[in-house]
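Asks: Start from chain V and add chain W according to the hints.
Note that the protein sequences, when read in sequence, are chains V and W.
Using our numbering, the first residue of the first sequence is number 1, and each one after it goes up by one.
Using our numbering, the first residue of the second sequence is number 1, and each one after it goes up by one.
Hints are computed from structural coordinates only; laboratory data are not their basis.
Keep in mind it's a predicted model, so treat the numbers as computed, not measured.
Worth double-checking, as some hints may not be accurate.
[What the hints assert, rightly or not] Below, simulated DSSO-like cross-link-like pairs (lysine-lysine); rule was C-alpha separation at most 27 Å, straight line:
no., chain 1, residue 1, chain 2, residue 2
1, W, 109, W, 144
2, W, 237, W, 127
3, W, 237, V, 160
4, W, 217, V, 141
5, W, 225, V, 141
6, W, 127, W, 140
7, W, 225, V, 213
8, W, 127, W, 109
9, W, 237, W, 140
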Amino acid sequence: VEILNDELRRQARATQDAHAAAMRPFRNALNRVFGERGATADAKRHLMLPGLDRRGFLRIGGVTIAGAAILAACGGDDDDSTGATSAAARASSPTSASGSNAQDATILRTASSIEALAVAAYQKGIDSGLVTTPAVADAAKLFQSQHQEHLDYFVSLTEKAGGQAFRDPNPAILEQLQPTIAALSDEQGVVQLAHDLEVAAAETYQSNVAMFKDATLNVAIMSVGGVEARHVAVLATVLATPPVPAAFQVRDKAVPSGTGVK
Amino acid sequence: MEISERELRAEMRGVDEVHRESMEHASADIAELHSGEGRRLMGMSRRTVLGRAAVAGTAIAVGSQLVPVTRLFTPAFGQQLDDATIAAFAESVELAAVAAYQAAAASGKVTTPAVADAATLFASHHKEHGAAFGGAAGDKATGKANAALLAALTPQLNAAADENAVLELAYGLENAAAATYLFALGALTSPAALQLTASILPVEGQHAVVLGQVLGKPATDYVPKFESDETALKPDKYPLG
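Looking at chain V on its own, in the form it has when it is part of the complex (with noise of 0.2 Å):
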């Protein structure tokens, strides 16, 4: 990866204040959806349970978004098995692994779904011709890859345990985040909404440790949460924000288990 230009980066930091501005409807969906704060326990109830309330979700988002709109936000127009529509049909499939494994294969089910929701904003972010830095796509060409490899590695855990493979975006949280993907117009709002997502990814699989019926799995989890840590340190590094904003890594942004894929 190329050096970042100091300039590009300067100018991108006189435009953060208008960026975080803009930012805000994303800021404050992730914090719908994850935040321990600001949604209410109904809200929480339908974003968080088994058997997703559709029209309960689309209420706490406060959009109505149709699946094609999703669909076309993040790519994947040639390709069915990424579309709202199979997403939505196999979020209400149960996994077919039961007692202790059904446990461990929701959150490998979640898991997957982050990580196939990471392909696709990376993938959007890199069609979009917004990002215009070397280096910055560069990066997101490879944390694409990475996160491709995360996602195969999730898929194929989850069949092990017994349970059905789940390779589609999270359709909970893409449709929360279509808003501020349709809204994307410069590269500091790609870099942003792709740190925010790794962010979102790194907590979520920290929050997992300590949940898992096999233990191994608590390994498994983290030999991949903590690359989507390092993600996050180079993100924030391009938006000249701390790499390594504290001593211990917190779950504020932690994705339950079974979010939109139950």
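Replies: Frame of chain V; chain W shown alone:
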């Protein structure tokens, strides 16, 4: 992807502010581990640590040299350790990292102010990690840096010719710490110990990212596809004092 000194300094200032805020929460967590449910869980848990195959022939960068993993790290972890003992070992590793950063600062070889600031910040993180692991270790905590690890690091630090050589050493150590905690996740049993370790592993990796960027390493070096435990530090190679 490299970062300039000015950018590094700005980021470190921002980090420090965020860090202070976050510690309000971290302190509560650490207190919980010291005296709350976490400690109870840590003290009770015990399991067999499965031996794991080492990757022979792999090399990592430590200092300015490529050193075979097998020379520095134990190939297997075939002994029974309880959670408290593993936490005590982790504490000793963290305190060794603190000592290494302090020695690097005192060596006069770190001449770039922003790099020195980053090293100071990272040392403070390691100190907090050490305190947290020490709390988890309970009566088994030693409060001391791992002597064997320091004995391995010190000659390399002394031999480091310049700032970059020191950073290479730190880079290897941070990656080794991340690997150690990934390995520990396969051995720990209590939820509190697992969660604590999972909250620290990513931070060591982020330290490595910053150092890798300063060193101008390729992104594929400081952002691997998967975290690995291949370079994990093991207590039979670096025993508690």
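Asks: Could you tell me which of the hints above the structure violates, numbers in ascending order?
Replies: Violated hint: only 3; rest satisfied.
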